[in-house]
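There are 2 protein chains.
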Amino acid sequence: MRSLPFTAVTINDRFWAPRQQTNSEVTIPHELAQCQTTGRIDNFAKAAGLMSGEFEGIFFNDSDVHKWVEAASYTLQTHPNPEWESDLDAVIAKIAASQQPDGYLNTYFTLVAPTKRWQNLGIMHELYCAGHLFEAAVAHYQATGKSKLLDVACRFADLIDSIFGPDKQDGLPGHEGIELALVKLAGVTGEARYSALAEYFVTRRGHSPSVFEKELENPDIPGGLDAYRHHFTRDGNFEGHYAQAHLPIQKQTECVGHAVRAMYLYSAAADIAYQTGDTAIINALEALWRNVTEKRLYVTGGVGPSGHNEGFTNDYELPNVSAYAETCASIGLIFWAQRMFLLKGASRFVDVLETALYNGALSGISLDGTGFFYQNPLASHGGRHRDEWFGCACCPPNIARLLASIGQYAYAESDEGVWVNLYIGGTADATVAGDVSVKVTQETDYPWSGDVKITVDPETPVTFGLNLRIPARCDAFEVRVNGAVHTSETNANGYLSIQRQWHVKDTVHLTLAMPIERVYAHPLVKENLGRYALRRGPLVYCFEDVDNPDGVFQTLSLVEGAPLETAFDSEILGGVTLIRGTGTVLDAADWGHNLYLHSKPDLKRTDVTAIPYYAWCNRGAGQMAVWVL
Amino acid sequence: MRSLPFTAVTINDRFWAPRQQTNSEVTIPHELAQCQTTGRIDNFAKAAGLMSGEFEGIFFNDSDVHKWVEAASYTLQTHPNPEWESDLDAVIAKIAASQQPDGYLNTYFTLVAPTKRWQNLGIMHELYCAGHLFEAAVAHYQATGKSKLLDVACRFADLIDSIFGPDKQDGLPGHEGIELALVKLAGVTGEARYSALAEYFVTRRGHSPSVFEKELENPDIPGGLDAYRHHFTRDGNFEGHYAQAHLPIQKQTECVGHAVRAMYLYSAAADIAYQTGDTAIINALEALWRNVTEKRLYVTGGVGPSGHNEGFTNDYELPNVSAYAETCASIGLIFWAQRMFLLKGASRFVDVLETALYNGALSGISLDGTGFFYQNPLASHGGRHRDEWFGCACCPPNIARLLASIGQYAYAESDEGVWVNLYIGGTADATVAGDVSVKVTQETDYPWSGDVKITVDPETPVTFGLNLRIPARCDAFEVRVNGAVHTSETNANGYLSIQRQWHVKDTVHLTLAMPIERVYAHPLVKENLGRYALRRGPLVYCFEDVDNPDGVFQTLSLVEGAPLETAFDSEILGGVTLIRGTGTVLDAADWGHNLYLHSKPDLKRTDVTAIPYYAWCNRGAGQMAVWVL
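So the protein sequences, as listed, match chains A and B.
The working numbering puts the first sequence at residues 20 to 648.
The working numbering puts the second sequence at residues 20 to 648.
Treat the hints loosely; a few may be bogus.
Note that identical chains are pooled: a pair holds if it fits in a single copy or bridges any two copies.
In silico DSSO-like links for lysine-lysine, alpha-carbon gap of 27 Å or less [claimed, not checked]: (1) 135 / 623; (2) 314 / 623; (3) 619 / 545; (4) 619 / 314; (5) 314 / 545; (6) 113 / 165; (7) 314 / 113; (8) 623 / 363; (9) 270 / 314; (10) 623 / 233; (11) 545 / 135; (12) 472 / 623.
Simulated from the structure, these hints should not be mistaken for laboratory data.
Using the sequences and the hints, build the whole thing.
Next up, the structure:
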């Protein structure tokens, strides 16, 4: 089974198409301007000798430009534009020019510490930045067919491969990312050395003595030992958890440390297992998946609750106001979930992918495309606002590359079938039964509606299974094939599989029930005790004080049993389905001067309105809550 | 109006008498042993030249010994014991011997930094330790009539008075305490200079430039500038809030900074206002009182939620698990409340005193008298345990001196009347109408019962008002005088005043309703939303997992409307009235492997049992909650 690449999918719907258009027309230019004004682009020109001056910004700023190149490349393919293409080519030219004669490419080390390459793999992110260069190169090649950046990437990958490996220098990235990038690079080049190096990085990790332990002994380490010790020691002893270097991947059962790093590692491990069938890795990934989805996942698809380590803490520790839930971490979860689906074929992975996509990741960007969240809390007492950029700007280009490439998460294919994983209006070009082309067209107003019309157009009549993902949350659905009711038995993988010979213009009507659901958290999630969240389809809802101005916002409660209704409002937040109902709120005035009362205070009836979580903080930095009483 | 001193009150009941006995027989000897083994007593011997060796422990450890002397003195008066008296005399002899020829007394500075006296008033606690010496001396003199320690105190007070004051050196204690001690010293000696010095310390505080700002400019300050800056600067600029030195007392309206310091300052300010009638100070104290009782007070009478500054934060910020609520701070609140009562004559101050006494202060000591809490959280996830002592051991001798002297909070007198503020079985010797002695005898099982029999025995028939405090929380009560129902109209000060000519063996029967109350917190107290606490009489209740083992403890909920019942159980926790009822709990097993469910989970019915908060953590370090769903 393989994903359909973003190049084989078009999107033409009311939900994602406008977001992709904004991404193309607003976000990508906005982020290029940010990269320009913050010196990120100039760093490449300086390293290339094209301009004078010192390195500017944080030592891993190259990666933001690489991610922007990746995002812009996807966008050029979906939204061609000659002017932007020349902007992109200009940036790529500077990146390429900064490559050193031996293939090395990293503007910080080239400009600041040229003699100290590869001496601080734990902190200084040379391999991480290389990974993002590789991903950009692959995307640019796939989107445009141009090989300029791909050649740059391969020369650098060859250099890295010549240095690190089983019989060479011991090395590992402190921040994972290069592993999955090398797999992608191997995919487009056919170069097995790249996937072998990825496998080395994935499987060498967590063995002792670690390269990180050795680097801790270097008093002259670039970047200094203090930061290194902060992340890699506890009580003076080496501790690898922060970078998932505490155990070999095959032994890992708990998601630990920096969440983005964890997601990127698990994604690469799934890539490796997909190629090798290594059951020890597959079993470890299942255990890690169970750990995160059963004990460490926000209802929004956010992961990594703590700002302290930008990552994981303990089972069921999911605070709302202080939730870190980095945008990049939800994006990384999408990467991992997609690979777990390819590995195991089960819909439960795509269910989580969908949750993260529509909520914890999408919340990371404003509706106008120029405001970003690094953290995605599930409640705010007010004062949280979106920024147009960050000093550490990993998230803005990450969400841009995700939005530009979501088509690749919608479908999968194999010789035996086509999988429809995301319900998004548009088309997909699949190939089944060896070489039979099939166009699949979706017409749907999902996620506002659960009705999906799928038209199957094979170039010639062909027998295969059309596999429709039925979300586990969905208690009721109906399927009609060419108007006739079809069985609604899902298979063990969670799909409704329609096995038949398909002819041109065959239609499938899928109707997923989209009730408003009250969601209850496990009782060990302390902050959500006595509370619930609202969900409809893939969308988690939240309440903002701007819609719910009565009384003390924190006391907002939905009346038990009172009906909740949906209403699509095209006028607000770019058009959303609101959830409305009757609730109660407490009024501080009823307390007078009392801090405590011993008679039950009156609840004030009030109309309540919830909006999709992804759309919060687009109307000022007010109070917000996902979990209400 | 004046309090009846502890020497005029005996206690003979089922609640406090055993605690005083344990205090006398167990806690006082235990704490002496701790002071001995930790070098606290030896420090005095070393400073006196009676033994060799270096200063041991923290620089303000003298104050723990002084507080122990105060506690032991009270106890000797209530529980005479020749052996302990000689122990006390031996300690006092060492303290006295450590006094320097000029009257100075502080073992840290005498042993470690004799040339650096009074150079770090902000941090090094010389004046604070002096204050506790003065309080000890006053208590010892009152309890035993011996003047040895009082003479020592006066010589030191004279030295301090010769150094600091309006026309002398500018000085203030960083940690308040000496102010109220000087007022006490003036009270027993009649020396007006001492109360004048107290007034200087109270009213000089908060004026600019502050002595603390000047000390910040001394690079050679004993103790070092770092600690000083930590407490007294923000962003590099002087900030006096930590020690209530941000504004003159007359301008203060919000309780800020270190809670114990605040309580001691406000207590002294009330003492000064009592003497001078200064309306600006009285108005400020009223504002501060309203601030703490309306916005910053735990339902247990704890104050100061934050461990960061050991003190106050923001209005309505009253976290439960992380509540600092230092034992000493609740004790300080009792001191302040008592003085506010004397200043204003209103029962509302004593209501708060009673709450702090029976809950937030009393929780600071174990039932066996040898285990202490420094912090008094309102919830625990387990693992909190009592210690037999602390490195910074302010709380253990503080609770010991409180327990030994609670008689002084029970009654007040004036020419016109007697006030019964606390319902405690025992006797009080008051004087009314100039010189008529009246013995008041209480028989009661309070706080387990609301029935109080009061016998009034004047030496000769005399007309005065017997003023019974009716707690504001009490919605129903009945009073009978010699069997006849009396009006139950309380006066503006919250007292039921029985004005009549009293004869020997006149009896008053007061019956206070003692229902189980559900208490609701103000809606801006975020942690208590949707929760309530149980209270009965002055006692706040809590739940411990040892009594409530079913399901997930955190989900414990009382069934709305289900009856709650009381049951006295003499077998557990020294004999307590339990509250029992029917509740619900969630069972983690019902969640299976799910982190989120979208059908409402079944609640499991369970019997629930609550115990008085003061008695928690006497059966292991389990989970506890005051506020339940």
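Checked hints:
1. Taking the closest pair of Cα atoms, residue 135 and residue 623 never come within 27 Å of each other, the shortest separation being 66 Å inside a single copy and 63 Å across copies.
2. For a Cα distance limit of 27 Å, the shortest separation of residue 314 from residue 623 across copies, 22 Å, qualifies, whereas the shortest one inside one copy, 36 Å, does not.
3. In the homo-oligomer, the alpha carbons of residue 619 and residue 545 lie at most 27 Å apart both inside one protomer (24 Å) and across protomers (17 Å), since each shortest distance falls under that limit.
4. Taking CA atoms no more than 27 Å apart as the test, residue 619 paired with residue 314 passes between copies only; the shortest distance there is 19 Å, against 35 Å inside one copy.
5. Taking the shortest Cα distances, residue 314 and residue 545 sit within 27 Å of each other both inside one copy (12 Å) and across copies (25 Å).
6. For the identical chains of this complex, residue 113 and residue 165 are intra-copy neighbours only, at 16 Å inside a copy versus 90 Å across copies, given an alpha-carbon limit of 27 Å.
7. In this assembly of identical chains, residue 314 and residue 113 lie within 27 Å of each other by CA distance neither inside one copy nor across copies; the values are 45 Å within and 60 Å between.
8. Proximity of residue 623 and residue 363 under a CA criterion of 27 Å is satisfied in neither setting, with 51 Å inside one chain copy and 37 Å between copies.
9. Within a single copy, residue 270 and residue 314 get their C-alpha atoms as close as 19 Å, which meets the 27 Å cut-off; across copies the closest is 51 Å, which misses it.
10. In the homo-oligomer, the alpha carbons of residue 623 and residue 233 never lie at most 27 Å apart, since the shortest distance is 63 Å inside one protomer and 54 Å across protomers.
11. For the homomeric pair residue 545 and residue 135, neither the shortest alpha-carbon distance inside one copy (47 Å) nor that between copies (51 Å) is at most 27 Å.
12. With identical chains, the CA atoms of residue 472 and residue 623 are never at most 27 Å apart, being 44 Å at best within one copy and 44 Å at best between copies.
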